[in-house]
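Enquirer: Here is what each chain is made of, one letter per residue.
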Amino acid sequence: MAGFNPGNNASGGSVFADMRHRLLMPSWITIGVLLVIPVLLMLVYSFLTKEFRGGVIWEFSLAAYDQFFFDRGLFGDEPVKIEWTYLTIFARSIVQAALATFFCLLIGFPTAYYIATRPASTRAFWLFMITVPYWVNLLIRTVSMKFLIRDTGPLNHWLMQAGILSEPLHLINTNIAVQLGLFYSYLPFMVLPIYASVERFDFALLEAANDLYAKRWTAMRRILIPVVKPGIIAGCILVFVPSLGAFLAPDLLGGAKNFMIGSLIEEQFKGSAGNWPFGAAASMILLSLVLLVLMFYARSDARSAR
Amino acid sequence: MGRGVAVALSHVRKQYGSATALHDVSLTIHDKEFFTLLGPSGCGKTTLLRIIAGFESVSDGTVQLHGKEIADLPANARPVNTVFQQYSLFPHMSVTDNVLFGLQMRKVPAAKARQRVKAMLELVQLEDFAQRMPAQLSGGQQQRVALARALAPEPEVLLLDEPLSALDLKLRQAMRIELKQIQEEAGITFIFVTHDQEEALTLSDRIAVMSAGAIQQVGTSHDIYESPVNRFVADFIGESNLLESRVLAHDKHQLTCALPGGAEVQAQLSDTSIELPVGSSGYVCVRPEKLRLLLATDQRNGVLQGVVGRHIYLGTDTQLVVHLPDGQRVQLRCQNAQQNAQLPEPGERVSLDIEPGSARFVSH
Ligand SMILES: Nc1ncnc2c1ncn2[C@@H]1O[C@H](COP(=O)(O)OP(=O)(O)OP(=O)(O)O)[C@@H](O)[C@H]1O
Ligand SMILES: [Mg+2]
Numbered sequence: 001m002a003g004f005n006p007g008n009n010a011s012g013g014s015v016f017a018d019m020r021h022r023l024l025m026p027s028w029i030t031i032g033v034l035l036v037i038p039v040l041l042m043l044v045y046s047f048l049t050k051e052f053r054g055g056v057i058w059e060f061s062l063a064a065y066d067q068f069f070f071d072r073g074l075f076g077d078e079p080v081k082i083e084w085t086y087l088t089i090f091a092r093s094i095v096q097a098a099l100a101t102f103f104c105l106l107i108g109f110p111t112a113y114y115i116a117t118r119p120a121s122t123r124a125f126w127l128f129m130i131t132v133p134y135w136v137n138l139l140i141r142t143v144s145m146k147f148l149i150r151d152t153g154p155l156n157h158w159l160m161q162a163g164i165l166s167e168p169l170h171l172i173n174t175n176i177a178v179q180l181g182l183f184y185s186y187l188p189f190m191v192l193p194i195y196a197s198v199e200r201f202d203f204a205l206l207e208a209a210n211d212l213y214a215k216r217w218t219a220m221r222r223i224l225i226p227v228v229k230p231g232i233i234a235g236c237i238l239v240f241v242p243s244l245g246a247f248l249a250p251d252l253l254g255g256a257k258n259f260m261i262g263s264l265i266e267e268q269f270k271g272s273a274g275n276w277p278f279g280a281a282a283s284m285i286l287l288s289l290v291l292l293v294l295m296f297y298a299r300s301d302a303r304s305a306r
Numbered sequence: 001m002g003r004g005v006a007v008a009l010s011h012v013r014k015q016y017g018s019a020t021a022l023h024d025v026s027l028t029i030h031d032k033e034f035f036t037l038l039g040p041s042g043c044g045k046t047t048l049l050r051i052i053a054g055f056e057s058v059s060d061g062t063v064q065l066h067g068k069e070i071a072d073l074p075a076n077a078r079p080v081n082t083v084f085q086q087y088s089l090f091p092h093m094s095v096t097d098n099v100l101f102g103l104q105m106r107k108v109p110a111a112k113a114r115q116r117v118k119a120m121l122e123l124v125q126l127e128d129f130a131q132r133m134p135a136q137l138s139g140g141q142q143q144r145v146a147l148a149r150a151l152a153p154e155p156e157v158l159l160l161d162e163p164l165s166a167l168d169l170k171l172r173q174a175m176r177i178e179l180k181q182i183q184e185e186a187g188i189t190f191i192f193v194t195h196d197q198e199e200a201l202t203l204s205d206r207i208a209v210m211s212a213g214a215i216q217q218v219g220t221s222h223d224i225y226e227s228p229v230n231r232f233v234a235d236f237i238g239e240s241n242l243l244e245s246r247v248l249a250h251d252k253h254q255l256t257c258a259l260p261g262g263a264e265v266q267a268q269l270s271d272t273s274i275e276l277p278v279g280s281s282g283y284v285c286v287r288p289e290k291l292r293l294l295l296a297t298d299q300r301n302g303v304l305q306g307v308v309g310r311h312i313y314l315g316t317d318t319q320l321v322v323h324l325p326d327g328q329r330v331q332l333r334c335q336n337a338q339q340n341a342q343l344p345e346p347g348e349r350v351s352l353d354i355e356p357g358s359a360r361f362v363s364h
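These protein sequence lines map, in sequence, to chains D and W. So in the working numbering, the last spot in the first sequence is 306, and the numbers never skip. So in the working numbering, the last spot in the second sequence is 364, and the numbers never skip.
Looking at chain D on its own, in the form it has when it is part of the complex (with noise of 0.2 Å):
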């Protein structure tokens, strides 16, 4: 943005400097009004007290992050213990968003490393084909894959057939089908930023490690993997991230039991049963967890850049 100020001239406020503000106008309107305000409103409410039909009474409580961290029992008047319940459904989201966002790298790079080395003519195909399925709407494709892995699905009746299973393989309501809709849903957000830093990356420069006696798998490892690096934590953090608040996959795929912070929060939304202030507390949870891991990145990357 400093480049669009001609010269460096200490009189400030240039014609320029001035219009760039006035241009930049919506994009601040846009931000503030869809983005800083809601957050706001998330965190006054997490510190209201709740109405029992949904929705809030406008008076100072603490109650909804009391709730998520302290047991103090049903009446409230034993020893202040953990609760685990709500700490241990954030534990699952992490650990979910962390293995989605492994396999996802573990898939996605070679298949960006795979398009960016194609010739510049079939790239575009290739990128469209790993884009094609994601027009359809992410409910339907979450419950099309509902049906496809149940006991009595194409998945387990092929399986059969095939003489490799003998009887069905239950994955509907477990972890692992959480998982594989997690992967399933996020996984273009790793190929996609990836391949745009492989296809930059100079090729040259893995013949120059040849030259200098790198096998090929060093070579890749000491040259490819760090110059790409920016693009794979791009990947990362745009799975990791929405992994972590997905509630389609979790609550479409893995049941009751497999519960994730997503469909938690989307709970204490949802009818008269909700509690707003306790899901805008998870919900200002969630978000310090996530801002922390951005910390870590740019940490990171200003550590890298150095």
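Possibly wrong hints are sitting among the right ones.
[Stated by the list, open to error] Listed next, the in silico BS3-like pairs over lysine-lysine satisfying Cα-Cα at most 25 Å (straight line):
id	chain 1	residue 1	chain 2	residue 2
1	W	Lys112	D	Lys215
2	W	Lys118	W	Lys107
3	W	Lys118	W	Lys32
4	D	Lys270	D	Lys257
5	D	Lys215	W	Lys68
6	D	Lys257	D	Lys146
7	W	Lys170	W	Lys180
8	W	Lys107	D	Lys215
9	W	Lys68	W	Lys32
[Stated by the list, open to error] Computed Cβ-Cβ distance ranges for the label pairs, DEER-style:
id	chain 1	residue 1	chain 2	residue 2	range
10	D	Ser144	W	Leu73	46 to 56 Å
11	W	Gln64	D	Tyr297	51 to 61 Å
12	W	Ala174	D	Trp28	48 to 58 Å
13	D	Met220	W	Ile177	34 to 44 Å
14	W	Lys118	D	Phe125	44 to 54 Å
15	W	Ala166	D	Leu43	51 to 61 Å
16	D	Met220	W	Glu156	25 to 35 Å
17	D	Arg118	W	Leu73	23 to 33 Å
18	W	Ala174	D	Arg118	37 to 47 Å
19	W	His11	D	Trp158	55 to 65 Å
20	D	Met220	W	Gln64	28 to 38 Å
21	W	Ser41	D	His21	47 to 57 Å
22	W	Val5	D	Pro226	35 to 45 Å
23	D	Pro226	W	Glu289	47 to 57 Å
Since the hints were made in silico from the structure, they are not lab data. Every residue gets a Cβ at the ideal spot worked out from N, C-alpha and C, and that includes glycine.
Place chain W with the ligands on chain D using the hints.
Expert: Just chain W with the ligands now, kept in the frame of chain D:
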């Protein structure tokens, strides 16, 4: 200079699909030699270098390094390093780490490797830049890092693919001298690719002139400039006047040839591998500086007559174009210090003489 053979190529052919990039190339490059591959764009210089480095396989023929066949050796197992045309420095590594890379891959002990890196950076005068990233260096500095990186693992042969082409003229000239010094100090065989003949002539012990995937001539700078073996070399190296001619008589490689206008001239056949029968056609090749303008006061006729065309002022001398009656043109150089006052005007008739012993005869 009775030295061992560093690289020997014999009957190397390289085919890309239906296109042939190299036809039957045979070369012998000696130990500690500064050997240059010179030729126009697309003649196969890079291809030849990549075959020696191990990035391309040969379609036919053999490649030997110090007497050992290396056709089946992968690039990472050949004791040969390359300075790439675009440098190809590792962008995420500091100058030190770039130079260290090859040493690490060769499992040189850390302490020794550090010492070697330091010595290399001193050699290319970049000690003060050891911690910089490649993006923070100028083109010339990057080029020197590429050189240090390639020299560090002590290769038996160093390959350089137009390493100076990305630099501006001044820097290029300075780097040429440095390169030559480094080669002499390091005592390594250099195979240097360029399409810049001045670079080739000033740096090389020997030059191979290439054209269209074939070697045209191999020799010292002097050989190649003074005795081009064919029309391509005569035309490509320096400036030449190539006059259509016929062989009138021959005594071994000393020919008597006909010139336009009927005069005769003694010309030497440079390509001693061939015999030209009387009557064969070809070209008499005369360098512009070997043509002498005869003044009216000389009272005699030279071997060529013509009409003066343009003058081109070149600083130390002036180039004169003379049109011969049959439509061919010749160029000559007149030193400004001596003849400035007496230069003939355009349109004037003049007579030219060829310095004795300087004419060469080349076939097509
Ligand atoms: N990978 C390839 N596939 C097909 N043809 C190729 C390939 N590499 C080179 N060629 C062809 O082989 C010939 C020689 O190429 P090469 O790169 O060796 O030329 P060069 O002498 O290095 O030219 P320059 O001075 O422009 O670098 C060219 O005609 C080129 O088009
Ligand atoms: Mg080339």
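Enquirer: Next, verify each hint and record whether it holds.
Expert: Going through the hints against the structure:
1. W/Lys112 x D/Lys215: holds, 22 Å
2. W/Lys118 x W/Lys107: holds, 17 Å
3. W/Lys118 x W/Lys32: It holds: about 23 Å lies between the C-alpha atoms, which stays within 25 Å.
4. D/Lys270 x D/Lys257: Holds, because 19 Å separates the two Cα atoms, which is no more than 25 Å.
5. D/Lys215 x W/Lys68: At roughly 21 Å apart (the allowed maximum being 25 Å), W/Lys68 and D/Lys215 satisfy the hint.
6. D/Lys257 x D/Lys146: holds, 16 Å
7. W/Lys170 x W/Lys180: Roughly 16 Å between the alpha carbons, so the hint for W/Lys170 and W/Lys180 holds.
8. W/Lys107 x D/Lys215: OK: W/Lys107 and D/Lys215 at ~13 Å, within 25 Å.
9. W/Lys68 x W/Lys32: Status holds; Cα separation ~18 Å.
10. D/Ser144 x W/Leu73: 46 to 56 Å: At 53 Å between Cβs, range holds.
11. W/Gln64 x D/Tyr297: 51 to 61 Å: For W/Gln64 and D/Tyr297 the Cβ distance comes to about 52 Å; the hint holds.
12. W/Ala174 x D/Trp28: 48 to 58 Å: Distance hint for W/Ala174, D/Trp28 holds at roughly 52 Å.
13. D/Met220 x W/Ile177: 34 to 44 Å: holds, 39 Å
14. W/Lys118 x D/Phe125: 44 to 54 Å: holds, 51 Å
15. W/Ala166 x D/Leu43: 51 to 61 Å: holds, 56 Å
16. D/Met220 x W/Glu156: 25 to 35 Å: holds, 27 Å
17. D/Arg118 x W/Leu73: 23 to 33 Å: holds, 29 Å
18. W/Ala174 x D/Arg118: 37 to 47 Å: holds, 43 Å
19. W/His11 x D/Trp158: 55 to 65 Å: holds, 57 Å
20. D/Met220 x W/Gln64: 28 to 38 Å: holds, 31 Å
21. W/Ser41 x D/His21: 47 to 57 Å: At 51 Å between Cβs, range holds.
22. W/Val5 x D/Pro226: 35 to 45 Å: 40 Å Cβ-Cβ, so the 35 to 45 Å window holds.
23. D/Pro226 x W/Glu289: 47 to 57 Å: Since the Cβ atoms of D/Pro226 and W/Glu289 sit about 55 Å apart, the hinted range of 47 to 57 Å holds.
The structure meets every hint from the earlier list without exception.
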